[in-house]
Every structure is written in structure tokens, then in C-alpha cells.
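Chains as they are written, first to last, in my numbering: chain A, 8 to 421; chain B, 174 to 436.
Rather than coming from a laboratory, the hints here were simulated on the basis of the structure.
Every value quoted in this text rests on a predicted model; they were computed, and no experiment measured them.
Treat the hints with care, as some may be off.
[What the hints assert, rightly or not] If we take Cβ atoms under 7 Å as the criterion, some of the chain B residues that face chain A in the derived model are:
id: 1; residue: 181
id: 2; residue: 354
id: 3; residue: 405
[Stated by the list, open to error] Take a look, some chain B residues computed to stay more than 12 Å from chain A by CB distance:
id: 4; residue: 182
id: 5; residue: 222
id: 6; residue: 224
id: 7; residue: 232
id: 8; residue: 272
id: 9; residue: 276
id: 10; residue: 289
id: 11; residue: 312
id: 12; residue: 320
id: 13; residue: 332
id: 14; residue: 336
id: 15; residue: 357
id: 16; residue: 366
id: 17; residue: 404
id: 18; residue: 420
id: 19; residue: 423
Built from N, CA and C at the ideal position, the CB exists for glycine as well.
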Amino acid sequence: MRMRLAMVLSIAILISSYATRALAHGEAADEPFLKDLTVAYYDVHVTPTQVKVGDPVTITGSVKILETWPYTLDPPQTAYITPVVPGPCFALTERLINGESSPGSIFVDKGGIYQFKMVMLARNPGHWHVHPGIAIQGTGTLLGPGEWVTVDPSGQPFKLDVTLLNGKTVDLEHFGGAFVWWWSLAGFIIGLIWMLYWTVPKRTVTRLAVTMQLPVNDDAPDIGLITPRDHMWMDLLAGITVLMLIVGWVYMAAKYPVRLPQQTVRFAPDPISPGDGLIAVHPKGSTFDEKTDTLVINFQVKNNGASPVSLKQYIMAMTTFVDGDKQEMAAAGPSEYVGQLAVDPDGPIAPGASRDITLKMTNEVFLQERLIPLHDPQQLIAGLLRFQDAQGKENLVTLKSVLVPTEFQPQYLP
Amino acid sequence: MASTPATMAPAERQRRLELRELLNAKYQFIDRTWDAVFWITAIFIVAGAADITKLLFAGDWDFWTDWKDPQWWPVVTAFATIIIPSALQWIQWVAWRFPTGATYTCTCLFLATWIGRYFQWHIAETYPMNFVWPISTVPAAIILDWLLMRTRSFVVTSLFGGAIWAIMVWSFNYIPLAPFLQPVPFMHHIMTVSDVQGIAYIRSQTPEYLRHIERGALRSFLGETQYVSLLFGGTMAMIGYWVGQAIGRFLAVWPIGRYIKTL
Ligand SMILES: [Cu+2]
Numbered sequence: 008m009r010m011r012l013a014m015v016l017s018i019a020i021l022i023s024s025y026a027t028r029a030l031a032h033g034e035a036a037d038e039p040f041l042k043d044l045t046v047a048y049y050d051v052h053v054t055p056t057q058v059k060v061g062d063p064v065t066i067t068g069s070v071k072i073l074e075t076w077p078y079t080l081d082p083p084q085t086a087y088i089t090p091v092v093p094g095p096c097f098a099l100t101e102r103l104i105n106g107e108s109s110p111g112s113i114f115v116d117k118g119g120i121y122q123f124k125m126v127m128l129a130r131n132p133g134h135w136h137v138h139p140g141i142a143i144q145g146t147g148t149l150l151g152p153g154e155w156v157t158v159d160p161s162g163q164p165f166k167l168d169v170t171l172l173n174g175k176t177v178d179l180e181h182f183g184g185a186f187v188w189w190w191s192l193a194g195f196i197i198g199l200i201w202m203l204y205w206t207v208p209k210r211t212v213t214r215l216a217v218t219m220q221l222p223v224n225d226d227a228p229d230i231g232l233i234t235p236r237d238h239m240w241m242d243l244l245a246g247i248t249v250l251m252l253i254v255g256w257v258y259m260a261a262k263y264p265v266r267l268p269q270q271t272v273r274f275a276p277d278p279i280s281p282g283d284g285l286i287a288v289h290p291k292g293s294t295f296d297e298k299t300d301t302l303v304i305n306f307q308v309k310n311n312g313a314s315p316v317s318l319k320q321y322i323m324a325m326t327t328f329v330d331g332d333k334q335e336m337a338a339a340g341p342s343e344y345v346g347q348l349a350v351d352p353d354g355p356i357a358p359g360a361s362r363d364i365t366l367k368m369t370n371e372v373f374l375q376e377r378l379i380p381l382h383d384p385q386q387l388i389a390g391l392l393r394f395q396d397a398q399g400k401e402n403l404v405t406l407k408s409v410l411v412p413t414e415f416q417p418q419y420l421p
Numbered sequence: 174m175a176s177t178p179a180t181m182a183p184a185e186r187q188r189r190l191e192l193r194e195l196l197n198a199k200y201q202f203i204d205r206t207w208d209a210v211f212w213i214t215a216i217f218i219v220a221g222a223a224d225i226t227k228l229l230f231a232g233d234w235d236f237w238t239d240w241k242d243p244q245w246w247p248v249v250t251a252f253a254t255i256i257i258p259s260a261l262q263w264i265q266w267v268a269w270r271f272p273t274g275a276t277y278t279c280t281c282l283f284l285a286t287w288i289g290r291y292f293q294w295h296i297a298e299t300y301p302m303n304f305v306w307p308i309s310t311v312p313a314a315i316i317l318d319w320l321l322m323r324t325r326s327f328v329v330t331s332l333f334g335g336a337i338w339a340i341m342v343w344s345f346n347y348i349p350l351a352p353f354l355q356p357v358p359f360m361h362h363i364m365t366v367s368d369v370q371g372i373a374y375i376r377s378q379t380p381e382y383l384r385h386i387e388r389g390a391l392r393s394f395l396g397e398t399q400y401v402s403l404l405f406g407g408t409m410a411m412i413g414y415w416v417g418q419a420i421g422r423f424l425a426v427w428p429i430g431r432y433i434k435t436l
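For reference, chain A alone in the conformation it holds in the complex (with noise of 0.2 Å):
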């Protein structure tokens, strides 16, 4: 007894230890090839952070749809990028995809790049995590790194007020709602009238023993169960119910003449490139410790271009790590999710030469947000490495490699 209560109570902790970790972010459900071989995010920002509830809060970044989409996943086709908010507590505004504005779904490609810009006004006050996210039609929705913002309240109710093309300004938060509540409800009462005729004078259950004994299109006026009186009342219900609808149709033809079908706006944005594709990478392997939190990525590079080139940063998922400073770690997304890249040897890689390349993370977010594949079908990782010339042209340039564990973990479940 004690043995099974012993065992029960460690199968509870266990479970409530990988609990723990999953709960601490949402996004951390997702499997690590969901978010390492599918889409990398760079440039992200979201600015300010710090808002009274109407004030406009911008997202802008970068989303890439690598090249190595994984083939278990439906190809990419169709896409549409949203903020990733808990709930409305935000309503957008404006989005604008590589300068384009978009209110709906793209067209998108394997290998595509996708500048964007989403301009939202505060709605609820609260402390809310802010992500980009692109949500891929037959995949869902893959998360960009998050950004707190603090809503504060305005002593003023939140209001969304846009100008319909007839001039008038309308309020979206309350628009229309009052009409539906007392239209709807004008139609439920003549179904309260219509069911308390029934069910109040008359008796139900007990009228069971007299329909038993007769056929079913028999409602037997003589008997008393449908009487021609009920016919009149329910004729009179139904004649309301009808004029009703006539005079609301009526009223609304009046009201809204101009009445338009839901719009579809799909495009394919306009391509930007990921550079010159001078520069060839090839994967050599790599390693994680789960220890110290340390991923190890090891490749060739060779420089086919004119000019020296520098490696300033390696993205992978919604992580961006940082040959550099301070300043330029501030400049490379939210804080959380960004970290220091190590590049041994580091220096520029002159045009024509070759070089081994041994790239060295170590940071907490590889478990927090699952980003390493430590137990799963696919030992798989991708990112991208930013390569930067003299003149800060750029090339973005992917990697696929292997990942190998430095040790694996024992496990009690399966």
C-alpha cells in the first residue's frame, strides 16, 4: 500500500515538473522542429512598452520561411501574420507586409521574406506578452518572440472608431450590438408567448396516455388535445412572427441601402531578397549539453563574393544570438530572446577563402521555449547565420544540421 502510494505521489511530481516547464510559456508546446526547421524571426520589436489603454503599440520585424520546411508538414501556400495576444486586449489597426498593406492572408513561398509592421491600440489594461506570430494554412500558428507590454487604464473607456464610407463615424466596440439584443429578443419572446400557451393551461405528461391510443396525424379536436382555438392563437403567433420579419426587412432596406459581401484581400507580397547567395555553408554537426545550456554548431563556410564578409549573428526559431555588444544585442529583438554568439575563429572570411567554423550559444532559452530537440523523431536543427560585409550588405544564408546530444537524460515515461 505504502510502496503504491509512494509511487503514485513521484509519478505526480514528475508530471508536475514537466508541467512547470510547458506552463511557462504557451509557445513551448510546440515540438522543436515545429519551430526550428520551419520559420526564423529577426528584427523583432515592439515599442513601446509601456502604454496608457488607446495608445498605438508597433510590431515590426522580419519572419523567414526556411528553406528547410520540414516535409511533414503541408507545403507552404497560405499565410497570415497576427499579432499573438492574449485575447483582444489589443485591436489592430494597420499591417503592412514588405510596405504593402494587409489586412488579410498572403501568398507565401518556401524561402520567402516577410518584412513586417502591425500597428495596434491598447484595449484592455493589463501586463501582456506580445509575439508576432504567422500562421501557416495545414501548420498553425508559429510564434515570433515575445515582448511585455504594460496596458494602463485611461480613466476613458476604450473606443474604435472608423469612418464608414457614407462619413459617419461608428464606435466598433458598441456599433450595432443594441439592435441585434432587442431585435433577437423581440423573436424570443413570441417563442416564450408560443411555449408558455402550451405548457401553463395545459398538462403534459398525463396527454400521453390519450395520444398512445390514437395515430399520429390525429391532434383530435373533439378530444380536446389540439383545439381550433389553439389554431387561432398560434395562427395569430405566426402572423406576428412573419410581420415582423416583413417590417424589419423593410426598415433595414431603408436603413442600410448599401450593403456589401465580406472581402477577401489576398496577395503575394513583393519579394526581398536574402542577398547576393554568395556565400556557400556547408553543416558540419552539432552539439547540445543539456548542463550548461550550451549548443555547439560546427560548418564550412566559403566566400564566393567580392568582398570580405563577417558572421554577426546565427537566428534560429524566435532566438537571435549576437557576435557583438551590448548596443547591437539591444538592436536584435527582445531581450529574452536574444544571446551571445561565440564564432571561433571570429574576423572577417576573406572573397575566395574557406573556413571551419565552430559556433558556441549558451543561454537558458534553448529549454525555456523547447527549442532543441532532445527527445524527438527529427534531431534536427536550422537557423539562419547573417553574414555582414564592410558596407553592411548582407546575406542571409541557411544552415541545416544534425544535432547529437552531449549525453541523453534517463526518463521514467515512455
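The hints should help you fit chain B with the ligand onto chain A, whose structure is shown.
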């Protein structure tokens, strides 16, 4: 069945007179309390059944204003919402000769969905009510019950009722939807107020492409998708009516009968 006592055989007339007395008999144990218990407890079961059926077949269509489109909304909701009213029509007509099954289901569903939308989606999730309001099927249900009462035939009710159902459900809810279909310039495009609601009130896990709204195609019939959809919605509602009849006849009452027999 024409039940004019004058043309009946004396024995049949006598039997019906006895039934009349039986209808008005006073029962010692089965009193009105039982009627109240039945009608009130069934509210939750019937509302639940109707809501689950609607969610199963109509999903988001009856959820957001930007999903209430001219092409799919009239078809999908007409089919999804007639099933349980039809089942209840059969049960309440056969058991008590009450033309109330559809109205009862739809008034229960009305209460349940408004409570759900208000507390769960408006208060807890903070979506504006004007974006997540539920449709009302009560007026369509009144006409469906009226048809059954007048025709005393499930076949006739399904044929005419299905078509009327599709038209009534759509038109009754199109009236409050109309203000949300007004054109508004937004993000450098012209769109409806409902589209703007769908974009502004962020649904991170319900991306825009999930909408199965009208997109325009060769089969859009001179651009008059709406009427084609209504016609198709009427046909679908007729089918839905018989799905409901099947539920009422074979799934809902038959097992109860079996159970009573074993007592
Ligand atoms: Cu978050």
C-alpha cells in the same frame, strides 16, 4: 385524420368520448409538478444537444460577424440548426400532440447561447458583443411548429418547412447583420464593417484564411450567390430535418421505450 364525430361509428364515438374524459382526468400522483420538472430539466439537455449539433456542423459560422457571409452561412447554419428542433418536434408531437418541439429547442438554445456568448466571450474574453452575437432561430421555429400543427404531417413539414427554415433563419438574422455589411475604407482597402471587426479584434489562433467565405468563382451564378445558397440551404435543411427525425425516432425515444419495458 378527419375526426368528425358525426360520421363515426357509435363504438368509435364512445371511445373518443372516453379519451376526452381521460384527457381531463385528475391523477393522484402525476400532477403538474411533474410537468414543470420535465420542461425545466429538459432545458439544459435540449439546449446542450442543439448547441453541440450546431457547433459540430456550423462551427465558427454562427460565431463571428465576419463569417456570416452570403455563400456558406445560409447553407451551413440552416442544416445545422434544424436537426434537433426536428427531433424534438417528433417527440413532443407524438407524445403530447404539442406543436412545440422546434420552438422549445430554439428558445432553450437562445438562452444558452446568449449566456455563453455574454459571460464567456464578452466578459471573460472581452470580445465586443456586436462581434460575437449568436443568431436566433426562434422565429423560424415558430413557423416550423405552426406548419406541423396545421398539416399534421412530418413529410409536408419537412418539404415546406425546410425551405422556409433556410429563408427565415437567414433573413431574420440578416436584418441585424445589415449594419455590419456597410462599406468602410480600412487599411487602404474597401471592406465591410464585419471584416474590420475580424481584423481589429485579434484572434491569434483563428487566422483569416480559415474563413470559408464567398470568394467569387465561375459558379457564382451572375454574382447572385446569395439566392443560390438559399435554395441550396433549403434543400440542406430538408435533409437536416430528416436527420433530426431519425434522431428523434430511433435514438431518443426508442431506447427510453426499451427501458420502460424492462421495468
Ligand atoms: Cu508569450
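Each hint tested on the structure:
1. With a cut of 7 Å, the hint placing residue 181(B) at the interface with chain A is violated, because the nearest CB-to-CB distance is about 9 Å.
2. Because the smallest distance between the Cβ of residue 354(B) and any Cβ of chain A comes to about 4 Å, under 7 Å, the interface hint for this residue holds.
3. For residue 405(B), the interface hint is violated, the least distance from its beta-carbon to any beta-carbon of chain A being 17 Å, above 7 Å.
4. Residue-level check passed: residue 182(B) sits 14 Å from the nearest beta carbon of chain A, beyond 12 Å.
5. For residue 222(B), the shortest C-beta to C-beta distance to chain A comes to about 17 Å, beyond the 12 Å cut-off, and the non-interface label holds.
6. For residue 224(B), the requirement that its beta carbon stay farther than 12 Å from each beta carbon of chain A is met, with the minimum near 16 Å.
7. Every Cβ of chain A is farther than 12 Å from the Cβ of residue 232(B); the closest lies at roughly 16 Å, confirming the non-interface assignment.
8. Remark: the non-interface label on residue 272(B) conflicts with the geometry, its nearest Cβ contact in chain A lying 7 Å away (cut-off 12 Å).
9. Interface exclusion of residue 276(B) from chain A breaks down, the closest Cβ pair being 5 Å apart, not more than 12 Å.
10. Interface exclusion of residue 289(B) from chain A stands, the closest Cβ pair being 14 Å apart, more than 12 Å.
11. Listed as a non-interface residue, residue 312(B) fails to keep its Cβ farther than 12 Å from every Cβ of chain A; the least gap is roughly 5 Å.
12. Listed as outside the interface, residue 320(B) is inconsistent with that label: its C-beta sits roughly 9 Å from the nearest C-beta of chain A, within the 12 Å cut-off.
13. The Cβ of residue 332(B) sits about 15 Å from the closest Cβ of chain A, beyond the 12 Å cut-off, so the non-interface label holds.
14. With a minimum CB-CB distance of about 15 Å to chain A, residue 336(B) clears the 12 Å threshold, and the non-interface call stands.
15. Distance check on residue 357(B): its Cβ comes as close as 5 Å (rounded) to a Cβ of chain A, failing to clear the 12 Å threshold; non-interface status is violated.
16. For residue 366(B), the condition that its CB be more than 12 Å from all CB atoms of chain A is violated, with the nearest at approximately 7 Å.
17. Consistency note on residue 404(B): stated as away from chain A, and its beta-carbon is indeed over 12 Å from all of that chain's, at 17 Å minimum.
18. Chain A leaves residue 420(B) outside its interface by the beta-carbon criterion, the shortest separation being 17 Å against a cut-off of 12 Å.
19. Every Cβ of chain A is farther than 12 Å from the Cβ of residue 423(B); the closest lies at roughly 15 Å, confirming the non-interface assignment.
Of the numbered hints listed earlier, those contradicted by the structure are 1, 3, 8, 9, 11, 12, 15, 16.
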